[in-house]
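Colleague: Sequence:
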Amino acid sequence: MFMDIYDATGKVQIYTSKEHPEASVLEMLDMVDIGDIIGIKGTVRRTKRGELSVNTQEITMLAKALLPLPEKFHGLTDTDTKYRHREVDMIMTPETIQTFIKRSRIYETIRQLLISKGLLEVETPILQSIKGGAAAKPFITHHNTLDMDLFLRVAPELFLKRLIVGGLPGVFEFAKNFRNEGMDTTHNPEFTGLEMYLPYTDYNDMADLFEEIVRTACQAVNGTLQIEYDGKKFDLSKPFARVTMNDMIKKYAGVDFMAITSDEEARNAAKKLNVEVDEDADWGHSMAAVFEAKCEEHLIQPTIVMDHPKSMNPLCKTHRSEPRLVEQFEPYINGKEMGNAYTELTNPLDQRERFEAQVAAREAGDEEADMMDDDFVEALEHGLPPTGGMGIGMDRLIMFLTGNTSIRDVIAFPTMRKK
RNA sequence: GAGUGCGUAGCUCAGUCGGUAGAGCACCUGACUUUUAAUCAGGUGGCCGAGGGUUCGAAUCCCUCCGCGCUCACCA
130 MFMDIYDATG KVQIYTSKEH PEASVLEMLD MVDIGDIIGI KGTVRRTKRG ELSVNTQEIT
190 MLAKALLPLP EKFHGLTDTD TKYRHREVDM IMTPETIQTF IKRSRIYETI RQLLISKGLL
250 EVETPILQSI KGGAAAKPFI THHNTLDMDL FLRVAPELFL KRLIVGGLPG VFEFAKNFRN
310 EGMDTTHNPE FTGLEMYLPY TDYNDMADLF EEIVRTACQA VNGTLQIEYD GKKFDLSKPF
370 ARVTMNDMIK KYAGVDFMAI TSDEEARNAA KKLNVEVDED ADWGHSMAAV FEAKCEEHLI
430 QPTIVMDHPK SMNPLCKTHR SEPRLVEQFE PYINGKEMGN AYTELTNPLD QRERFEAQVA
490 AREAGDEEAD MMDDDFVEAL EHGLPPTGGM GIGMDRLIMF LTGNTSIRDV IAFPTMRKK
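In this text, residue positions in the first sequence follow the working numbering: the first is 130, and each later residue adds one.
It is worth saying that the hints were derived from the structure and are not from the lab. Please note: incorrect hints may appear among the correct ones.
To be verified - With a Cα cut of at most 27 Å, we get these calculated DSS-like pairs of lysine-lysine:
| id | residue 1 | residue 2 |
| --- | --- | --- |
| 1 | K362 | K465 |
| 2 | K201 | K140 |
| 3 | K266 | K362 |
| 4 | K379 | K401 |
| 5 | K423 | K380 |
Claimed, not checked - Label-pair distances were calculated between CB atoms; the ranges are:
| id | residue 1 | residue 2 | range |
| --- | --- | --- | --- |
| 6 | D162 | K367 | 49 to 55 Å |
| 7 | T172 | E357 | 39 to 45 Å |
| 8 | I230 | L256 | 30 to 36 Å |
| 9 | D364 | E426 | 17 to 23 Å |
| 10 | H214 | D479 | 49 to 55 Å |
| 11 | Q430 | D504 | 38 to 44 Å |
Beta carbons: idealized from backbone N, C-alpha and C, even for Gly.
Let the hints inform the model, and build the full structure from the sequences given.
Modeller: In structure tokens, the structure reads:
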């Protein structure tokens, strides 16, 4: 009688010899079903076929499986059951449990890397009275004792920068964020953003750090920097391309937005490319819209897209040589945005004006625009040193590093409709 | 939110032209005493996603709803 027993580390064969079977062992073997968790005591040896095997002298039932497992050969393929009962998916599908083992290792690796660079891991409020830090629609909840509505955070950014004002030498947070928006293969209503802020750096330093994080994490879980994803080959040992948004637009859409001086001209340039823009879209929004429509899909190999328009980035410092741009980059891999980084805006006067512009946009109907955050502006008035900051979409990074093409395959319990 | 495909046993799936529910695995019983998913025989197991309609008769055709996937839109 031969049997394989499994755990997360692999399988081992057990057997009972037919010449000297233990009565208690035979009795127990008769009771064991697929999915039971059992303890085995016995001597280890190799069988005639050379397989390492345990000659069983004692079996203990540690946990009896009351529910049957899915059939072994086909496994669990129903996506609904995989997501609603992830534990079953993990038991049945080696790739699934490997994904979550790798997810943990990626966190561990990045955490160690950032700590080694002198950053501190911190925690900031998830319940916030002002929605800030990103253009997104929030979830709203209510605190009974305070009789006050609160927002689930869409980003930890503003609180993290206040910790830099306070004097921490660099901070990071693996932040669960919540955005009340659509869902698809790259969006879950709750997702994890890794945000980090390091004083006396700028967005160029953040780009270096992005490359280092991706490489270190990839090496840790794949043991190599040459990986395949979505049928394409990626060599992460090569430097990531660094390009400007305008150069990408010139390349893929044939328009030089830096040569365009009016909002109207910019809108017309977008329309000419069949890119839809609002009637009152300014130069920056038109430029960003063209980039998203014409360029993103081409950015397969890791590409750091720098120097975005200013009007849509109220927390980012104006570009050192071009007043219409900000020192922002977004890294792309396989055509997907993997994060967002700034040379942070540190000037409180400028910050207040940018918030005021956001408030105006909000009053004009933009639900995603930021609210005025007086506490944050006041913090800046105490002095935020020149600081580089970056957010990375952990779920998307994990997708890329584990070969999964749906965000729901890397989140253990993705958001599901009530059944 | 829009388009589209799907939903039959615990799991993987058949189910023809509309004729009243099937297989394999799992589980139980018995035989077998051994190997790399799968030994043999027998058995248990179904609100055919839900509701309505057409029909003598619906898993099958029609409508509504629920859930999941994919594509698009918004976003990270």
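Colleague: Indicate, hint by hint, whether the structure satisfies it.
Modeller: Hint-by-hint comparison with the structure:
1. This hinted pair checks out: K362 and K465 have alpha carbons roughly 15 Å apart, not beyond 27 Å.
2. For the given pair, K201 sits about 15 Å from K140 by alpha-carbon distance, which is consistent with the 27 Å threshold.
3. Our distance criterion of 27 Å between C-alpha atoms is broken by K266 and K362, whose separation comes to about 36 Å.
4. Distance restraint check for K379 and K401: the Cα-Cα separation of roughly 14 Å lies within the 27 Å cut-off, and the hinted pair is therefore satisfied.
5. Using a Cα cut-off of 27 Å, the hinted pair K423 and K380 holds, with the two alpha carbons roughly 10 Å apart.
6. Range check, D162 to K367: about 51 Å between beta-carbon atoms, so the 49 to 55 Å window is met.
7. About 43 Å separates the C-beta atoms of T172 and E357, a value consistent with the hinted range of 39 to 45 Å.
8. The supplied range of 30 to 36 Å is met by I230 and L256, whose beta-carbon atoms lie about 32 Å from each other.
9. In this structure the hint that D364 and E426 lie 17 to 23 Å apart at CB holds, the actual value being about 20 Å.
10. For H214 paired with D479, a C-beta distance near 51 Å keeps the hint of 49 to 55 Å intact.
11. Taking the beta carbon of each, Q430 and D504 are about 41 Å apart, inside 38 to 44 Å as hinted.
Of the hints listed earlier, the one the structure fails to meet is number 3.
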